[in-house]
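The primary structure of each chain is shown beneath.
2 protein chains.
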Amino acid sequence: MSYPDDLREAVDRHLETLDFSGEPGTAGLGKAMRYSLLAGGKRIRPVLCLATARSLGQPIGDYLGIAAALEMVHTYSLVHDDLPAMDDDDLRRGKPTAHIEFGEAVAILAGDGLFAEAVRIMASVPADPGRVLEAVRLLAAATGVEGMVGGQYVDVSGQDLDADGLRRLHSLKTGRLIQVSVESALALGGVQDGRRDSYRRFATELGILFQIVDDILDVTGSDEELGKPQGSDERHGKVTYVSLYGLDRARELSAESHRQALAALEGIDGESEDLRRIADYIYRREQ
Amino acid sequence: MSYPDDLREAVDRHLETLDFSGEPGTAGLGKAMRYSLLAGGKRIRPVLCLATARSLGQPIGDYLGIAAALEMVHTYSLVHDDLPAMDDDDLRRGKPTAHIEFGEAVAILAGDGLFAEAVRIMASVPADPGRVLEAVRLLAAATGVEGMVGGQYVDVSGQDLDADGLRRLHSLKTGRLIQVSVESALALGGVQDGRRDSYRRFATELGILFQIVDDILDVTGSDEELGKPQGSDERHGKVTYVSLYGLDRARELSAESHRQALAALEGIDGESEDLRRIADYIYRREQ
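Chains A and B are the protein sequences, given in the same order. For my numbering, add 8 to where a residue sits in the first sequence, where the first one is 1. For my numbering, add 8 to where a residue sits in the second sequence, where the first one is 1.
Keep in mind that a hint or two might mislead.
Because identical chains share one entry, a pair is satisfied inside a single copy or across any pair of copies.
Derived pair list, reagent style SDA-like, types lysine to any residue, alpha-carbon separation capped at 25 Å [said to hold, decoys possible]: (1) K103 / Q66; (2) K39 / L86; (3) K246 / A35; (4) K39 / Q167; (5) K39 / P92; (6) K246 / E112; (7) K103 / G275; (8) K39 / M94.
Read the hints as simulated data drawn from the structure, not as lab findings. Predicted, not measured: the structure shown is a model, and the values here were computed from it.
Please model the entire structure based on the sequences and the hints provided.
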């Protein structure tokens with residue numbers, strides 16, 4: 009079983025068509041946004057969204073707008089996370105980070121622009137307004153203080169975290185956006201609440217799995233595989249699953265989390281092959 | 009005639025009730041967001057929104073959600089604009105800017121958080137989903153590359169601007185958000201396209217008026233009146249209405265723009281007293 013590359017290719021083709029600037033004065037901003045957005049990667053969030061659509065028996069073309077918005081929000085968070093005042097990283101996906109390439113001011117604005125355009129694109133999806141509005145609301149909530157930005161804050165503010173605190177940090181910083189990649193597709197599909205439960209449990213567990221593996225790879229991966237300097241977390245003195253539990257126990261935790269994610273899929277009323285492939289990929293990935 | 013302070017007070021009371029963090033880990037972020045959001049000011053954008061609602065004969069209480077969202081987006085833009093990599097300003101509304109008070113990382117995240125929560129709040133307004141969704145879409149478009157963020161980019165990227173370029177810069181950076189303060193209320197009110205024209209002309213002219221007066225005050229105001237160091241634009245080598253036309257001609261342009269705004273109000277099918285007061289205030293303001 010392998011990663012659903014057909015969905016990734018659909019995402020990449022769609023992202024390639026996005027052009028944010030319609031006039032010469034802002035062309036440089038559009039270029040910086042596309043630089044970070046088109047830097048590649050597995051597109052896990054939009055692929056999750058499309059895999060959920062497929063699991064619902066829906067045409068994936070109808071979900072490309074929200075899929076693109078999810079990747080744009082993810083990219084914006086990376087651009088801001090890499091800034092000198094934040095993690096101060098020079099490399100991302102093997103390329104110079106946005107502020108290295110375009111300067112700090114443009115990087116801040118490229119992140120801001122990606123977020124605004126993500127909301128605009130999602131709010132412009134031609135479907136039932138009530139469903140689209142729910143997807144927008146879920147995305148904004150997953151991105152705000154009780155979500156991604158809140159998690160980034162906990163991460164940079166150097167709070168003393170125990171195991172619960174670490175789990176909470178990642179559930180905010182990474183987990184919420186992964187969850188909403190599934191939930192926004194459920195919203196657009198008009199899926200009723202009761203039928204959402206198994207999807208939600210799957211998505212929540214996937215977020216946890218993703219972070220444990222990320223922490224392991226920060227220690228075991230090479231610079232080249234990671235596309236960024238290895239050991240970055242340790243240098244920043246960050247609490248991670250590895251620093252808290254050690255490498256062996258972190259590996260056990262990732263195996264347990266992978267099992268839980270697959271167990272949640274059992275409860276899904278629909279095709280789940282692509283979702284399973286994504287879980288397998290996240291568990292086994294080396295970059 | 010004076011500024012519609014009853015509307016401003018309604019806005020301030022509502023903003024005061026907003027609490028973004030529901031847990032200890034992110035309380036510091038919520039505090040930083042409230043610090044900038046509650047720093048005072050005339051609340052021109054949300055007051056414009058409420059004045060438009062009143063002009064439509066609608067209860068202003070139904071519009072407080074989008075009014076709050078508009079002020080939050082405006083505040084987020086100020087917080088990011090003040091950052092060292094951008095305008096590098098230490099004072100805003102007479103208080104230390106967010107990055108001076110809380111550090112640069114928290115200021116970046118406070119801006120990001122204000123934007124996300126603004127979208128969440130606007131998308132949660134309990135009204136017809138189609139109307140709410142249109143308001144969200146308008147806000148996102150006015151905030152993105154063809155709006156506020158694009159204007160900030162033109163401003164910081166040091167492009168050589170002639171009169172048209174200057175007008176375009178401000179129409180993006182300041183004008184679009186002022187326009188959408190009126191337009192989002194029209195969207196929520198379900199106002200048909202034909203009836204929107206005069207409101208739109210008013211809002212567009214108001215944005216221009218606002219910027220001309222801002223440029224004049226940057227030269228003629230005192231630090232205390234401005235709440236920030238006088239002459240900031242000149243020190244940053246920015247092209248302004250004053251640098252381009254001189255003080256006297258800039259004053260004539262502001263008078264002309266004020267007349268145009270009032271003329272547009274003549275075409276409004278509804279009560280326009282509060283909108284007129286806002287235009288008068290913007291024309292005559294000293295800070």
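Up to 25 Å CA-CA - E112 versus K246, copy category: So K246 and E112 pass the 25 Å test inside a copy (24 Å) and across (19 Å) alike.
Homomeric proximity label, K39 with Q167: Cα distance no greater than 25 Å: between (36 Å within a copy, 16 Å between copies)
Alpha-carbon proximity context of K39 and L86, limit 25 Å: Answer is both: 16 Å inside a copy and 24 Å across each meet the 25 Å cutoff.
Status of Q66 relative to K103 across identical chains (alpha carbons, at most 25 Å): neither (36 Å within a copy, 53 Å between copies)
K39 and M94: within-copy, between-copy, both or neither at 25 Å Cα: both (23 Å within a copy, 19 Å between copies)
25 Å Cα threshold - placement of G275 relative to K103: neither (41 Å within a copy, 55 Å between copies)
Up to 25 Å CA-CA - P92 versus K39, copy category: both (21 Å within a copy, 23 Å between copies)
Within, between, both or neither: K246, A35 at alpha-carbon 25 Å: Cα proximity of K246 and A35: across copies only (20 Å, versus 37 Å in one copy).
Of the numbered hints given earlier, the model fails hints 1 and 7; all others are met.
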